[in-house]
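**Q** As given, the protein sequences belong to chains A and B, one line each in that order. Residue numbers for the first sequence, in this note's numbering: 625 to 1090. Residue numbers for the second sequence, in this note's numbering: 683 to 1033.
I should point out that these hints are in silico values taken from the structure, not numbers from a laboratory. Keep in mind that the hints are not guaranteed to be accurate.
Stated by the list, open to error - Derived Cβ-Cβ restraints for the label pairs, each shown as a range:
#1 A:Ile769 x B:Ala1006: 29 to 35 Å
#2 B:Gly909 x A:Asp1067: 42 to 48 Å
#3 B:Thr912 x A:Ala873: 25 to 31 Å
#4 A:Pro1089 x B:Ala979: 40 to 46 Å
#5 A:Glu943 x B:Gln902: 57 to 63 Å
#6 B:Ala1006 x A:Ile1059: 34 to 40 Å
#7 A:Ala873 x B:Ala922: 31 to 37 Å
#8 B:Glu753 x A:Ile769: 42 to 48 Å
#9 A:Gly1030 x B:Ala996: 55 to 61 Å
#10 B:Glu860 x A:Glu981: 56 to 62 Å
#11 A:Gly1030 x B:Phe908: 27 to 33 Å
Even for Gly, the Cβ is constructed at its ideal location relative to N, Cα and C.
Residue-level listing of the chains:
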Amino acid sequence: MDFPSETTPKGQVLAALATVLPAEALLTDPEDLRPYECDALVSHCALPLAVCLPGSEREVRDIMRVCHLLRVPVVTRGAGTGLSGGALPHAGGVVLSLTKMNKVLRVDPANRLAVVEAGASNLAVSRAAAPHGLYFAPDPSSQMICSVGGNVAENAGGVHCVKYGLTVHHVLRLKVVTSDGDLLDIGLEAPDAPGYDLLGLLNGSEGTLAVVTEVTVRLLPKPEAAQVALAAFASLEAAGEAVAAVFGAGIIPAGCELMDRATIAAVTRFVDVDYGRDAAAVLLCELDGTPEEVAEGIARVREVMLAAGALQVRVSQSEGEREELWKGRKAAFPAVSAIQPDYYCLDGSLPRRHLGEMLAAIRAMEAQFGLACINVFHAGDGNLHPLILFDRARPGDWEKAMAFGGEILKKTVALGGAITGEHGVGVEKLDYMAIQFSPAELDCLRRVRAAFDEAGLLNPGKAVPA
Amino acid sequence: MSQLALWAERIRHAAAEHTPLRIRGGGSKDWYGGLLAGEVLETGDYRGVIAYEPGELCLSARCGTPLAEIEAILAEQGQMLPFEPPHYGTASFGGMLAAGLAGPRRQQAGAVRDAILGVQLIDGRGELLRFGGQVVKNVAGYDVSRLMIGSLGTLGLLAEATVRLLPRPGCEATLVFESDAAAALLRCQQWGLRPWPVSATFWAEGRLYVRLSGAASAVQAAQRSFGGETLPDAEVLWRAVREQQHPVFAGHGPLWRLALPPATPPMKGELAWEWGGGQRWLRSDEAPESLRARAAAAGGHAVLFRAPESLRCAVGPFATWPPAMLCLQQRLKKVFDPKGILNPGRLAAEL
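Make the full structure from the sequences, and use the hints.
**A** As structure tokens, then:
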């Protein structure tokens, strides 16, 4: 895309921003810009013209007005934990970082909601709600630091979304600043705001439709009890069938995670857990709710898994034991890093019944590309996170890893799935959008984007191919 | 030529001629929304379940499939649509999605839009478009499927769709309490702070009805803690609530549906409420502007639910927007239906 800013002198842009922001809220020194050069997709880096650190909605509006006037691209950034390069700076634009707008403004237990600034961390919301016995359900693995605004941008999920849904299911209302600096109030603290469902569009829009400044989220009562069943299987296919059997029995687990043999091997070298010698796959299935229903349900899960051919099933009998059983799953990524420092973490989703076929296809691709792939994933909602191992120092390895990833994504779409389940398109998957969407559909998405951001200033070059 | 190709052709032709079309499925909700205008495009004959995998908890069907048929198929497998939609006699799958109306279970299991996974639609330019799919987690592109829910056919003809399902609860029980509205609202708030298996609440005529759904042990534990009387034949009650056929809905004058933050104190003129106070019903001749202002002041909005078309056209079925929001709504309409031929006026006079 062509931006007049590429011809607008940098000095003019910085001078205009300096009129609306205090000096400490405008970073321009390359040294200061460096920490913003990428998000968690570290293979893609760029330095922006400047980083703006607004402290209020007023300042966000002023920044947007300046950028709109001078046609400067804006990349909104939360905590920078995104995995698809959604917060990668535009070399001719500014990064709008919301880290200073991180307050939990209000917790309303009677209406079970919380109002937070977009830069507030995911965990801060649950902490603020905890005295009332409530919490914010989306729990992406970065929840310690990731921002609620970022959760909205990516429609973040997490381990528990199989039962509780994605961020979109927990957002009631958004305050946003449009690309021309206008304010919009989207949604209500009441159900079914009149008109088209803009909340559905904003969630998962990757910063391309508007800048979210304030989020009202739904809170849920904290489950009083949770128990996990850990089952080992002699094959991945058997474990996959056990997942289907659990759902088929009318049970909706709060979390349902699968680890393959390679993950198990990596994990057992890293933490002290014993999954049994013949385990080719380990399934973790957690239920939560009242103590009565959890006890009743977990007994059924155990039966279903044994009937599905589990070699052994362990059910946690205490909180300590529950944490113990989860330890291996939680250590999976660090454990893999300990063996192989470089890995490419992919994200795709597909109908659960095709998991076995997908995993077999990945095994064949390992041979084809000469790279190993480790699978540890959210089996309950068919969301794969294959980790392709490579060596940055070996020429051609990264390219092979990317090509391997591309093949996996093509296969997920062929099996009725999506090229991204929860990490977003960003820059990473821009070229793969055409696998999932026809030219007419892509055109429709571009026009939806233009309906919000006519000038095309918000996160250009991301999410939807130009 | 396939049915979808025929429809696409008809819509392209209508767009070229600027002929308004009125998309109609089961015809059960002709009374809902704004003006009925345009040449009727019947979708009721495009029927059938396309795919149903109980283990995947999702179902795909053609838009004209009767809702009753879908629910019967699901019941055989011990599953259900999570949002307990009203039937109003002959509702179709597509009409249910376009209207986006949910029943009592919404308070526990979410709205229609929370359950949509994918759609195949024909937009106002006659383009056949597919968004979403069969998976819950899908963040590629904007969620156009969700945008279609509640759009009352003003953005496209929903030809086929996939929705998420839930297993039927193993156990249900309905409790009744004698209580005024204010005390009943407070009770609902208190229950809401703990993970009780409350799947529906309904207050009317000095009684609060609470439906518990879940594992038998959880339902029994809640029953012990809540007290109250157990209601026999509770299904009859919840069906009547779902269809607004409970005696409390009888009467003349416009029926209003107020959507409010649930803890809002009882509103003047309130007949009944559901969803822990989130959905309130009023039959009132109060000036629409005044009622809408009261709902807005409480943080919600008022829908003129059942009333003569003349009144619905005069005051609009739904609350209006500030100028910037109206402009955005119109720009989105234009993306999908640039000639404004699909159900014009049904959602709002400006759309």
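**Q** A separate judgement is required for each hint: does it hold in the structure or not?
**A** Do the hints match the structure? See the list:
no.	hint	result
1	A:Ile769 x B:Ala1006: 29 to 35 Å	holds, 33 Å
2	B:Gly909 x A:Asp1067: 42 to 48 Å	violated, 59 Å
3	B:Thr912 x A:Ala873: 25 to 31 Å	holds, 28 Å
4	A:Pro1089 x B:Ala979: 40 to 46 Å	holds, 45 Å
5	A:Glu943 x B:Gln902: 57 to 63 Å	violated, 25 Å
6	B:Ala1006 x A:Ile1059: 34 to 40 Å	holds, 36 Å
7	A:Ala873 x B:Ala922: 31 to 37 Å	holds, 32 Å
8	B:Glu753 x A:Ile769: 42 to 48 Å	holds, 44 Å
9	A:Gly1030 x B:Ala996: 55 to 61 Å	holds, 57 Å
10	B:Glu860 x A:Glu981: 56 to 62 Å	holds, 58 Å
11	A:Gly1030 x B:Phe908: 27 to 33 Å	violated, 55 Å
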